[in-house]
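A.B. asks: Spelled out, the chains give:
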Amino acid sequence: MLYYILKRILQMIPVLIGVTLILFLLMYIIPEDPARLILQQGATDQALANLREKMGIDQPLHIQYFRYMKNLLQGDLGTSYRYRRPVTGILADAYPNSIRLAFAAILIEILIGLCAGMIAAVKKYSFWDTLVTVSTTLAVCVPVFWLGMIMQNLFGLRLGWLPISGMGDGSIQYYILPAFTLASVSTAYVARMTRSSMLEVMSHDYITTAFAKGLSYRLVVGKHALKNALIPVVTLIGLNLGALMGGVVLTETVFNWPGIGRTIYLAILERDTPVVLGGTLVLVIIFLVLNLVVDVLYGLLDPRIRVAKQEVKV
Amino acid sequence: MVSKKQHMILEVKNLKTYFDTPEGVVKAVDGVSFDLKKGEVLGIVGETGSGKSVTALSLLNLIPQPAGKIVEGQILLEGTDLARLNPRQMQKYRGSKISMVFQDPMTSLNPVYTIGSQIMEAIRIHQSITKNQARKKTIELLTMVGIPEPSRRLKSYPHECSGGMCQRVMVAMALANNPSVLIADEPTTALDVTIQAQILELMVKLKDRTGSAIILITHDLGVIAKYASRVMVMYGGKPVEFADVDTIFYEPLHPYTRGLMGSITRLDNKKKQRLLAIEGSCPSLIDLPPGCTFYPRCPYARKRCAQSYPGLEQVNPGRRIACHRWKNFRKGYNEGKP
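Protein chains in written order, with our numbering: chain Z, 30 to 343; chain D, 102 to 439.
In short, the hints are calculated from the structure, not lab data. Note that the structure is predicted; figures quoted are calculated from it, not measured. Yeah, the Cβ is synthetic: ideal placement off N, Cα and C, and Gly gets one too. It cannot be assumed that every hint is accurate.
[As the list claims (entries may be wrong)] Under the rule of at most 25 Å between Cα atoms (straight-line distance), these lysine-lysine pairs were calculated in the PhoX-like manner:
| id | chain 1 | residue 1 | chain 2 | residue 2 |
| --- | --- | --- | --- | --- |
| 1 | D | K170 | Z | K153 |
| 2 | D | K238 | D | K306 |
| 3 | Z | K252 | D | K306 |
[Claimed, not checked] Counterexamples of contact, computed for chain D against chain Z with all Cβ distances above 12 Å:
| id | residue |
| --- | --- |
| 4 | E112 |
| 5 | D136 |
| 6 | G150 |
| 7 | K193 |
| 8 | T231 |
| 9 | R359 |
| 10 | I387 |
[As the list claims (entries may be wrong)] Not the full set, but computed from the structure, chain Z residues with beta-carbon under 8 Å of chain D:
| id | residue |
| --- | --- |
| 11 | H233 |
| 12 | Y235 |
| 13 | T238 |
| 14 | A239 |
| 15 | A241 |
| 16 | K242 |
| 17 | G243 |
| 18 | S245 |
| 19 | H253 |
| 20 | N285 |
| 21 | L330 |
| 22 | P332 |
| 23 | R333 |
Using the sequences and the hints given, assemble the complete structure.
C.D. replies: Here is the structure:
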């Protein structure tokens with residue numbers, strides 16, 4: 030297992046190099062002069078040239094890239110054009126907020142998604158099943174930012190139940206709206222996947238065996254079916270993490286959440302290249318690590334995969 | 102002196118299991134009756150779709166819900182009518198008094214739990230013993246079914262075992278609580294020929310040790326000839342012939358049984374006879390015509406076969422047949438020209 034994890038971590042290196050390269054190229058293509066951005070209007074040509082030289086952006090692309098990578102390896106993501114602060118500091122302020130929000134969303138996704146899916150599967154073609162099917166279809170169709178605004182309007186402005194912006198003192202009521210908004214699409218997918226996976230599993234021979242042993246319906250569903258049904262669901266949750274990262278940008282912007290998504294969004298508006306680059310890079314790293322975690326979890330659920338992974342050693 | 106009644110472990114009377122489908126009601130099992138004596142092996146033979154497996158599942162009350170339902174009949178297991186039990190009561194019987202070995206061992210074991218935990222579960226659901234005792238019992242069972250290194254195998258997952266080994270595990274699981282009746286639904290169909298014999302020998306050997314009776318469902322007449330003592334032939338959801346095993350093979354009366362016999366490959370076939378195939382296939386069990394179910398495929402059919410269904414008639418004690426013309430066939434045997 031350790032060997033497997035190590036191998037996976039090593040595999041991340043080329044991915045990260047690729048990602049930085051693409052990001053760097055994209056930022057380079059944008060016809061925006063950072064020197065002009067920093068010095069703003071009225072600066073002399075000489076002053077601009079001096080600043081460009083000082084920042085090293087007058088040099089060819091590959092030199093700039095290697096310098097960036099060299100700094101990156103030393104944990105330096107550059108300095109924000111706008112705030113004149115190290116990017117690492119800005120990200121370190123914003124990340125914990127985003128991670129808390131994402132965690133809340135994943136929790137909702139797992140709790141509500143799994144439960145709804147299981148209820149729908151167990152009570153197939155009932156009122157509950159229809160309710161789950163219809164509401165998940167809606168949740169998947171509705172754009173995240175629009176859902177966020179509707180929720181703000183309804184629960185914040187009209188009903189006045191929940192705060193609609195920022196994270197205040199960080200207490201739970203500030204989390205509810207953004208977390209639900211962020212989780213909506215993934216929860217719907219998890220519910221649907223759980224339902225279909227559960228129904229599929231329930232038709233397997235080993236379920237008949239479990240009944241033939243004399244197990245109760247509850248035990249058959251909760252023990253024998255669920256563990257098998259979870260395998261594709263865990264994969265889906267893992268894949269959804271990517272969507273969650275994307276959703277973070279939208280949700281945080283709508284809810285004015287002081288997290289990484291909003292930071293990247295503002296940085297894009299302000300052409301603050303180092304922040305965009307650094308923020309995105311860390312998002313990618315988190316995504317890769319979470320995927321690894323999901324894969325390890327997958328092995329714990331399904332012994333067949335565990336063996337496949339160990340075959341390298343044997 | 103034990104009376105005949107006490108000998109009977111299982112009595113099935115006029116069992117009818119129907120399925121509601123969009124096309125109509127499928128009469129998968131339609132009036133099946135048989136009984137099972139202590140320690141005997143009853144063979145149920147028939148081709149795919151004849152209702153053998155549904156009969157087996159009905160006994161355990163494991164008909165896929167809500168489409169399927171036992172609509173009529175009694176399943177008397179040592180005097181208790183299983184068809185009348187509520188789900189909770191039925192759970193107590195499943196796996197303890199009556200258990201089942203399924204067709205495909207590779208898919209019948211849960212892939213995400215170890216073999217040991219699956220057998221232990223079967224024991225602990227019916228017996229209140231500690232985990233350690235259950236473990237010991239499981240090792241005993243695995244030894245009994247001939248699995249080498251049982252204490253190590255306990256921790257194996259089904260995918261790490263061969264088909265034969267999985268079926269041994271299924272047998273161990275089915276026998277974990279010394280059931281009175283063991284149903285084996287085509288237990289060897291998915292296995293290699295050499296393994297088939299091993300599994301069947303094993304089941305018969307263990308039957309003698311535990312004193313349970315076996316219902317052996319198969320379409321392999323060779324298996325029936327070797328292991329069963331009595332045979333029920335099923336066709337179209339109904340029993341068509343009932344006899345002890347020698348009679349069935351030497352004097353099959355029902356045209357369907359005769360067809361089955363004709364389709365066996367025999368090594369002692371010196372005359373190079375062609376294998377006989379029964380033309381057509383099993384009828385759809387929706388809206389069966391009033392006549393004999395086998396009528397459309399029967400080479401000996403007469404007019405009245407199309408008009409009324411022949412009920413099971415007693416030929417002699419222990420021998421019943423559902424055919425209008427069995428007397429003619431019997432006469433043929435007596436005159437030496439079947």
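A.B. asks: None of the hints should be skipped; say for each whether it holds.
C.D. replies: Evaluated hints:
no. : hint             : result
1   : K170/D to K153/Z : holds, 18 Å
2   : K238/D to K306/D : holds, 19 Å
3   : K252/Z to K306/D : violated, 33 Å
4   : E112             : holds, 21 Å
5   : D136             : holds, 22 Å
6   : G150             : holds, 19 Å
7   : K193             : violated, 7 Å
8   : T231             : holds, 19 Å
9   : R359             : holds, 34 Å
10  : I387             : holds, 22 Å
11  : H233             : holds, 7 Å
12  : Y235             : holds, 4 Å
13  : T238             : holds, 5 Å
14  : A239             : holds, 7 Å
15  : A241             : holds, 5 Å
16  : K242             : holds, 4 Å
17  : G243             : holds, 4 Å
18  : S245             : holds, 6 Å
19  : H253             : holds, 5 Å
20  : N285             : violated, 44 Å
21  : L330             : holds, 7 Å
22  : P332             : holds, 4 Å
23  : R333             : holds, 5 Å
The earlier numbered hints that this structure contradicts are 3, 7 and 20.
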